[in-house]
Each structure stands twice: as C-alpha cells, then as structure tokens.
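Novice: Chains A, B, C and D are the protein sequences, given in the same order. For any residue, its number in this note's numbering is found by taking its place in the first sequence, counting from 1, and adding 319. For any residue, its number in this note's numbering is found by taking its place in the second sequence, counting from 1, and adding 319. For any residue, its number in this note's numbering is found by taking its place in the third sequence, counting from 1, and adding 319. For any residue, its number in this note's numbering is found by taking its place in the fourth sequence, counting from 1, and adding 319.
In case anyone wonders, no lab produced these hints; they're calculated from the structure. Be a bit skeptical, because a hint or two may be false.
Put simply, identical chains are the same to the list, so a pair is met inside one copy or across any two.
What the hints assert, rightly or not - Keeping only pairs whose Cα atoms sit at most 25 Å apart, straight-line, the calculated DSS-like set for lysine-lysine is:
| no. | residue 1 | residue 2 |
| --- | --- | --- |
| 1 | Lys515 | Lys635 |
| 2 | Lys533 | Lys410 |
| 3 | Lys635 | Lys599 |
| 4 | Lys529 | Lys632 |
| 5 | Lys623 | Lys559 |
| 6 | Lys559 | Lys322 |
| 7 | Lys529 | Lys362 |
| 8 | Lys600 | Lys632 |
| 9 | Lys625 | Lys556 |
| 10 | Lys362 | Lys559 |
| 11 | Lys623 | Lys531 |
| 12 | Lys632 | Lys599 |
4 protein chains.
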Amino acid sequence: MAKRVGIITSGGDAPGMNAALRAVTRRGIALGYEMIGINRGFKGLLDGAFINLTIRSVSGIINTGGTILHTGRCAQTKTAAGMNRAVKAVKELSLEGLIIIGGDGSLAAGNTLSKKGIKIINIPASIDNDIYGTDETIGYDTALNTAVEAIDKIRDTATSHDRIFVVEIMGREHGFLTADVALAAGCEFIAVPEIKVDINRIASELKKGKEKGKTSEIIAFAEGCGSSYEFGEKIEKLTKLEVRVSNLGYIQRGGRPTARTRILASQFGHFAMNLFHRGKKNVLVGITNGELSVTSIEDAVKHKKKFNDSTVKVLKNLSV
Amino acid sequence: MAKRVGIITSGGDAPGMNAALRAVTRRGIALGYEMIGINRGFKGLLDGAFINLTIRSVSGIINTGGTILHTGRCAQTKTAAGMNRAVKAVKELSLEGLIIIGGDGSLAAGNTLSKKGIKIINIPASIDNDIYGTDETIGYDTALNTAVEAIDKIRDTATSHDRIFVVEIMGREHGFLTADVALAAGCEFIAVPEIKVDINRIASELKKGKEKGKTSEIIAFAEGCGSSYEFGEKIEKLTKLEVRVSNLGYIQRGGRPTARTRILASQFGHFAMNLFHRGKKNVLVGITNGELSVTSIEDAVKHKKKFNDSTVKVLKNLSV
Amino acid sequence: MAKRVGIITSGGDAPGMNAALRAVTRRGIALGYEMIGINRGFKGLLDGAFINLTIRSVSGIINTGGTILHTGRCAQTKTAAGMNRAVKAVKELSLEGLIIIGGDGSLAAGNTLSKKGIKIINIPASIDNDIYGTDETIGYDTALNTAVEAIDKIRDTATSHDRIFVVEIMGREHGFLTADVALAAGCEFIAVPEIKVDINRIASELKKGKEKGKTSEIIAFAEGCGSSYEFGEKIEKLTKLEVRVSNLGYIQRGGRPTARTRILASQFGHFAMNLFHRGKKNVLVGITNGELSVTSIEDAVKHKKKFNDSTVKVLKNLSV
Amino acid sequence: MAKRVGIITSGGDAPGMNAALRAVTRRGIALGYEMIGINRGFKGLLDGAFINLTIRSVSGIINTGGTILHTGRCAQTKTAAGMNRAVKAVKELSLEGLIIIGGDGSLAAGNTLSKKGIKIINIPASIDNDIYGTDETIGYDTALNTAVEAIDKIRDTATSHDRIFVVEIMGREHGFLTADVALAAGCEFIAVPEIKVDINRIASELKKGKEKGKTSEIIAFAEGCGSSYEFGEKIEKLTKLEVRVSNLGYIQRGGRPTARTRILASQFGHFAMNLFHRGKKNVLVGITNGELSVTSIEDAVKHKKKFNDSTVKVLKNLSV
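Looking at chain A on its own, in the form it has when it is part of the complex (with noise of 0.2 Å):
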C-alpha cells in the first residue's frame, strides 16, 4: 500500500497556494504516495476533515487564488493540548508527514509538530513576505502587482485633483510589501514599522512640492504604522493641504497569482516532495539568492527577515 502524506493550507490564504497544492500533489503522485487534503487547515486536521487528492482534482487550479482545501487561523495550534490532538490526527490518518503550506503561524506550527516526532516540510506563502529563509513567499508578487496598479488607479484622481493621497497596504509589522510597492508605484513617501516615520519632515517637503508645482503626491503607508486615517488628518493639519486616504485592504489577499508566484509555487511545491522522498524533514523550503534553498524549521522560527532599507533609499533618491 502507498505511503500517504498529507498536506495542509494554513493561516492567511495567499494566491499561489494552489499553484503549490498541484505541484506537491503531482509530484508525490508521482514518487508512488497517496496524496490527502486537509481541509481548513489546522482546525480540519484536528476535526478529520480530508480528501484524497487525485492526478485530476488538481487540474485547473495553477491560475486561481485564495486555496481550494480552504484555511482557516487555528487557536488550537497555540496549545499543548491542540498540538497533541493534531499529532495524534496525524497518526490516526497513517500520515507519513505532513507538507504545511503557509506563513508564519504554520511554521511554528510545523516546528511544535516536528518536535513530537511529526516530518515537516513547510512551504512559505504569505503576502506579506516575512519569513526568514527565503527571498520571497508564494503570492507576495501577486500582492505586490494588485496593490501597484491599485496606486496606479489612485494616481489618476491624485494628479487629476493636485491631492495627497495616503495608500494603506497590508503588513502589520513589516515593511517588506510596501518599501516594494511603494518603489514600484512611484510613491513619493513611505511610512513602514522599521524606520521611525517623521511626519513633519514629510508634511514639510509636502509642501515645498506644492510649492514646486507637484501635482501628486502619494505616501504608501502600512498597515504596521497605526491608523492611516489618523495620519491623513494629522498631514492634512501640517500643511493645510487636501488630503485622502485609501485602504487598500483585502483585495490584496486574493487574486489570480501572477506568472512568478506561479512558478515559484510549482517549484517550491516540486521541491518539497523532492526533499520529503528522499528522507529530508522538518525544514523549509526558499528561494534564496535565486536558488531552491532549505532551512531547518528551527533556524526559520528563531530569526527575523531582515528588512533591507536600499529599496527605500532608491526611492528617496527618485522621488523628487
């Protein structure tokens, strides 16, 4: 009888995790095991919700968003009780492993179910690109072309209507997303958790690009930097300027993956079952200075993604 694995969504959905379900269920199909689906993530494994992942069930998903074992945030997965429970599920199912495709919550998950015994691959996807160990996460490139030609829309009024806008993009304590989103769009300022925002330096070159003749100016401002729309206020007071604020909001979860995210999720997907075939547990898996790279779960749990600021100095630089 074939060995099973099963595979998991978790936490937040990102476009991309289907493109990454086909690709883990294809290939170990292909390696000889019987592929199942838990269904929303940690709560299905903890409830025994599942279904046998065929050759054909993953047909037609490589373009579409959000994740058709749906996902779910699990409480349960913070306790030693609900960990057990889940270890116990996993046996209860002959598991072999388990592949957990997901963010940062997943991955202390599948560090907590390593630790009792449990093989591991985790594969990163997350819109907000924060996980330490790779370069870039499943559905980031997806989120990061929404929320640009989002801003490109903006643009529009902004320049049409000579205001200030302030665009509020997702990332509750990273900057990652916006420091790109914000280069991408041509913003002309940035308000990320990991550089102290001086609002009166920016309320005062708001200013003397008005006074320069600007006709739009745009301040990606994340999620992570408190309330958008009290910061419009408190800019709007500065320089007696008309100021708007958008939010962005969920539209940057969901979506058709772009090309990248795409591929990266086949080969991260591809790779993963590589790696479990041939004995490999309890690591994730990246992409790491343009190479398939591996981390120990561990290693990834303990350290923070470095947020390198050269992107926001490139902006500062060409945002004149």
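Please build the complex by placing chains B, C and D on the supplied structure of chain A, with the hints as guidance.
Specialist: The following block gives chains B, C and D in isolation, referenced to the frame of chain A:
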C-alpha cells in the same frame, strides 16, 4: 478668425473624461473652431487658467484615466458672485460657448451659466451613473468593472476562510453602481440607499446559508447606507459569525477606461460638438434606450434618475 | 415529479456562457424544474451525455470563461437525420424543453428543433455580436475589451518604433467587433466585410500621416476581409513604410467575463426561464434599445443584423 | 557647466524602458549631470536628434510601456563608418558618456563604442531575457505575465472544446520566455530551440492524454522552432485530433510594466548612474543571484546565456 469654444472637466474625475476631451477637441477643430481647454475645473475658469488644444495635444489619451485638464470641486460655483465672475471669464476669453464634462455639480453649474446667456453643452461623466437624461454616464462601466474585479479577489479570501464580507462601494446618494456590481460579482446581499435595509433579515439568512453549507457570503454595501464598519459589527453580533469589512475606496475612480466607456465618451464628445455647431444649446447629451439623446439642462437638473429595482430582484433570485 | 428542462451550450464558446448557465439553472430550480445540463453541445445530446445541475453545481462560475458543460460544433445538426435523433434524445431524456445558449448555428438548430415540436428558448452568446434580435450578445463586451487591451499594448510598440500595424480581429462575416474595437482603441483605419476597402486611399493617407508627423498608425482588420498578412505586404509596397501584422487570434474567445457580460448573461438566463415557465416557446431572448426583448426564432434566423456605419464615421472624424 | 550624459533606448522596445529612463535621468540630475535623451535609438544619435531631460519630463512614465525617446534598429550600428559617425556625434553633443538601454544589439553597439573611447554603461532591457550577465532583463517579467494571461484565456476555449492548441511565443534564438510561460500557464508540452523537439513523442502523448480523458492540451512553441502553423498541421496529421494555432505576436512587447519590471528598471537606472559617477565604464549592469551586479561589456558580448533545463523538467513532472 476661428470662433473659440471652451472645454472644462469639472467635479470628481471619471475614467473616459480624456476620451471625451479628445473627441470634443478633434471634432471641434474639424468644424472650424479654436478649442480652449480650461484647467482645474471652474476654479481655472475664474483664474483664467487655460491652454490651447490641438489635434496632437489630445493624442494618446483615449486610454488614460483622470483628466489632462485636471479638475476640482469649486465652492464659488454655488454663489451668485462666483457664477457672475464665470460669465465674465467666458467673455474675456471670447468663448462662443462651453462644453462641460462632469457630473451633477457640473450640470447645476451649466444650468446657472445657461440662464446667464452662455451657450452650454453638458456631457455626463460620473462613476455614479446618477444623471437624469442618460442611461449611462462616462466612467460608469469602468468603475463597475474595477469594483467587480476587486470583489472577485475578495471572493477568493471569503471562500478560503468561509467568511462573510461587507464590501463598501461608492455612491453617496444612489445605489446604481452597487446594484450592478452586486449582480455581476454574484454578491449574496445588497444594501442601497433607495431600499430600506432589513439587517435582521440579512443576519437570519446568513445564518441559514451557513447551515446550508455556503462557504462565503458577500454583502455589497453602498456608501450612502452609513458606516460599513458599524454594519459589519452588527452583523457579527447578530450572527456570531466572522465578518470582515473592505472599503474599495478611491480605486473605483481611476484606471484605464473600458472599451465601452471609451466608445461612449467618443460618441458623446463627437455628438456634443455637432450639436453645438448646429446651434443647439443648453442641453445634456446622453444615451437613452440605445440611442444618442438630448435633454434640456433644466429638465436634467430638475429630475432625479429612477432606481430600477429589477436588478435587485434578479440578484435575489440568483444568489441562492 | 419535477418537470425536466435541458440546457445546452453550443458552437464557439463565449465568455459569460457560465454566468448564463448559472442563471438558467438557479431560476429553473426555483420555478420547480429539474435542470439537466447536456455535455459538449448537440453532440452530447445525441450521445446522451448529461449531468444533473443543482444550485451548488453552478456556484463560483459567474466569473469564469468557457463553459463548464463544454461545447462543440456538431456536423449532425445540419442533417435531417441528426436533428431527428436530437428530437428522439430530448424525448428519451423526458425534457420538457431546451434552453440553447450559443450563436447563429445554435439558433439554426433551435429553429429546426422547434419545428419538430420541441419547446425552445435561445439565448444569444457569441463574441461576434452578429445575432438578429438582440443589440448585444453574451461575450461581446468581453471580447471587445480583450481586443482593445491587446491593441493598447501594440500601440506602445507602434509608437516607440514609429510603425504601422495591421491588427486582425475576429469576425468572418461581420465587422461589428472590429468597428467597436477600432473606435475604442483609437485605430486610424478600419477594414470590415460590410464596406469596400480602398487600399490605395489607406496607403495614401498613411503616407500623408507620416508627413504630418504621426508616430503610429493602426489598421483594425476584420478576419472576413481576407489575409491580414497579404494586406500588410501590400500596404508596405504601396507606402514604402515599415508595416507589422498581428493576429489577435484565440485570446478573443476566452477570459473572465466583464461586468457587463455577466449582467447580460444573468438577465438573459433569468428571463429565459421565466418565459419558459409562462409557456413561451420558440423565441430568442435579447436586449433591444436597452430593454429585455423577445424575437421568434424564425424571425431571428431569417434576418441579418444590420451593420451600423455611424461608428465608422465617428472613427473617421476622430482619427486625425 | 554641468557635464552632459546621453541616454538612448535602442533595439526592440520593452516594457520598463521608461521606468529606467526616469531613474537614470533623476539620479543623473541629482548627481549634477545634464541629461540628454537621444531620440529614436542610434539613428537619432547619427541625426543629432535629442531632447533635454528634466526631473519633470520623466514624471508619470514609471508605469507606461514603450519608450518616450522612441527606439529603432539602426543598420549603421553594424558598419565601421556608422560607428565612427556615432563617436563623432557623441563628441559634437559634448557627451561625457552614454547610457544605453536595450538588448543584445545595444550591447554590441556599446562594445564597439567603448572600444572607440566612449564611456558606456549598458542597461539590459529585452523581453527575451537573453543577455549574459544578468539573471533578468527589464521587460521580461511583464512579457511573461502578458503571455501567461493570454494562455489562460486560450485555456478556456481549449477546455470548452476539448482541443489541442499550439501557442507561439516570442524568442527567435532562445526559449527562456517560452519555458517560464509554459510552467506558469501549466502547458502540457513545450518546444524551444535549445532542445531537440520530438514531434512523434508529443503526438503519441497527446493521443494517450486524450484516452486518459484530458480535456485540453497546450503546446508552448517558441518562435525559434520554426512555423507554428506547420507544426500544428503535423500534429493534426499524426494524432487525427483537432488542433488550433495561435501566435501571441506583438502584444508580448507592450503594455504596462509589472511591479517587478518597474523595480528592476528603477534599480538598474539608479545603479548605472551611480557607477558612471564613480568612474566605472564599459560595463553592463545586471542582477545576479538576487544582487545588483556588474559585467564588462566585452564579457557580456562574448558569452551566451545558458538555458536552464530544470524548468523544463519541473514542467514535465507536473503536466500530467
């Protein structure tokens, strides 16, 4: 010497204003006029800010959002003194008449100016589609598609997380956009200012839907129905289900015009100059039952466009 | 026992067929029918290939291209023997009637079947917009936008290289799509089967345009006007200018339906089942002058939709 | 008086050239240079056609396709006489050096000029991604997404009609683009110039796929593999299955640059001017293993970029 005609874009920007500008300008020049573009709406008229428009100065703009003339809401258009100054400005610029591209504010200004003896043709441009005298305004089809594509993305997350979403759509006084968006995006519920919202019924149906196994439910919520965030909180309390709120915001105003918006804008602009040339004045151009139409500005100002609730009925019948 | 109604998608696929399927199915079930989806067009009917459609089996398809039932052109629909077998198949499946979603071939098949006593409602779906009895077909607005966006991209290259482009657009017998595409994309010239193409005039104007300093010129060329490649070569010979040819090809058929296509498809499907339920038969649903309309299939088959050359006139006036 | 630096876009246009122009111009001005934009590639250099670039003249172009300077392939760059005239032109314009944005032709021209004593920095821009010395060229990610989105649309029709499609993708000598497109679009087969195409194997697998019940099969076919139409006909003969051919053509060159293309272009342009300012010359900027890199033009011209067949392997393993 050629007679001069002024063109002005006024009020909130809408995609397709540039396509209309191009059509008015090129048709005007072909008919022998000198075409004067007023900058920044009526404020620019009062300030004497204008440019000469040539065949080439409107090249390459048929597919761009915003307005190359810039626009603005101008408080002075609402005072007698302001309007008198506008009349004076029209005369100082030796303008034979004024083509005004904009929404209901522009129509009101056009009405006032026409009564003061200025020859006016109004071209309806507004993402709200709320102008009496035309079945469709320039920009409407574009905003409709932008909002629908945004909800398609949100649907991915809603389905993956089995969640309820409240999505706020532009429309302070009208639900035209919200109703069409909801039908096209397959939203399960709708809240528009024209119809009393029964939150208890919605909550009760949401609970029933959950029991039937619906994986996601989206409520299309028009700006004019109050705070979408408060609405979402109430739904959460009533249903004990997880609810998320996303305000589509300013992305609905900008972006490349759709084919339909460009065609409408080109036809309106071409038609407006033909009418002007034939001595027609003080009218709004439009499209009514599939044909180009003409309504007196006075009539257009007086009447309120009727909300067609058949869309809401079809939506209710299909969102099961 | 519930009465059974068959649904079939037939001929070339068009975006929005799925949205129509969803509407027909859900409205049909609400009215008490059992809805039977025939696979692969009339071929599937002859083969007895079908599925039961439920409320849930049409979930999540409102925004997808193609048709979940699959489609095909079936040679047997053109023979008496084939059509007699189709009648037999309808009876074997105990179908009360047939809702046919498709283009002119589907209409002809519907006509034949209706004369053999089958209750038929035709829903017009075709990217060509060439069906008499409706101002717009399902899929048309989507194909229009796809082609226009493609030409926007080609314009970038045409302008950067100061080149002439011939762009071939679908439409074997009609220029509806080409004319609207040309107007929306700001094309400089147009070739459609309905109007004699004067290649010498085009060549001469291209040369004049070059002298006036036009940086790019695009000729929208309908499939039905012959070989776009030969046309391009002739233009090159006549003008001694560099010409490139691009055939947009099959991308025009697929893709996510636009908002307008989805709304039209939803309304047509809903309306078709309401008509069927009220005993109406052997009609084509449509939209005429902005209102839902009904035409007898016989009339629709007999007449040819008139090409409106006003679009071509506006184009000529604006592309200067 | 400020030192002058020339900027030139040359060869086939690529999305992101404008973003690079913006970065070079703004960084150059900040570093104290007068920036001269040469029109229409090397032809413009020989003709003395140029404009002064200011901070504002590159506003609003970060998100546009094509190149505002226009471009062209210039036969004279391949003759000694032509190159000598180019050197003379550089001196007449008092240019300190030349920043050349383009593909392999631009690189060759840069190499020749550098040997004649002109200070050159090359910035790689090409949708083919075929430049040695950089893992990615400006425009590549955009063309990749354009082609993948096009195939997504074709997939709708392929699936609805259970058909085989051959899709031709740009790349006269290389299969980089085709391989990445195929992986991202989930194509079933691939034909690239770097790998011998076994048409009999493809035909035999297509027949097997049909028997297994695959509903659609797409063959990604690089331009450099010959005529896609002849290939499609052969497949049809060998398989007796219906085959359609679609050549994506010029849409692959144009369009709004993706976020990644804009970021790459901004970083390359910024980096190029920094290098120039530090006295570096006769180099190609690039990105290698995730880091900005520098390669001597001479080396870049001499070497051929290696085709990575791991993409093809992953594709084969996943397209089952």
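Novice: For every hint, state whether the structure bears it out.
Specialist: A quick look at each hint next to the structure:
1. Taking CA atoms no more than 25 Å apart as the test, Lys515 paired with Lys635 passes inside one copy only; the shortest distance there is 15 Å, against 49 Å between copies.
2. For the homomeric pair Lys533 and Lys410, neither the shortest alpha-carbon distance inside one copy (64 Å) nor that between copies (31 Å) is at most 25 Å.
3. In the homo-oligomer, the alpha carbons of Lys635 and Lys599 lie at most 25 Å apart only across protomers (23 Å), although the nearest pairing inside one protomer, at 44 Å, exceeds that limit.
4. Proximity of Lys529 to Lys632 under the C-alpha cut-off of 25 Å is restricted to the intra-copy arrangement: shortest distance 22 Å within a copy versus 44 Å between copies.
5. Within a single copy, Lys623 and Lys559 get their C-alpha atoms no closer than 40 Å, and across copies no closer than 36 Å, so neither meets the 25 Å cut-off.
6. With identical chains, the CA atoms of Lys559 and Lys322 are never at most 25 Å apart, being 67 Å at best within one copy and 40 Å at best between copies.
7. With identical chains, the CA atoms of Lys529 and Lys362 are at most 25 Å apart between copies only, with a shortest distance of 17 Å across copies and 53 Å within one.
8. For a Cα distance limit of 25 Å, the shortest separation of Lys600 from Lys632 across copies, 23 Å, qualifies, whereas the shortest one inside one copy, 39 Å, does not.
9. In the homo-oligomer, the alpha carbons of Lys625 and Lys556 never lie at most 25 Å apart, since the shortest distance is 34 Å inside one protomer and 40 Å across protomers.
10. Proximity of Lys362 to Lys559 under the C-alpha cut-off of 25 Å is restricted to the inter-copy arrangement: shortest distance 18 Å between copies versus 51 Å within a copy.
11. When the C-alpha separation of Lys623 and Lys531 is checked against a cutoff of 25 Å, the pair qualifies neither within a copy, at 41 Å, nor between copies, at 43 Å.
12. Only between protomers do Lys632 and Lys599 lie at most 25 Å apart by alpha-carbon distance; the minimum there is 21 Å, versus 40 Å within a single protomer.
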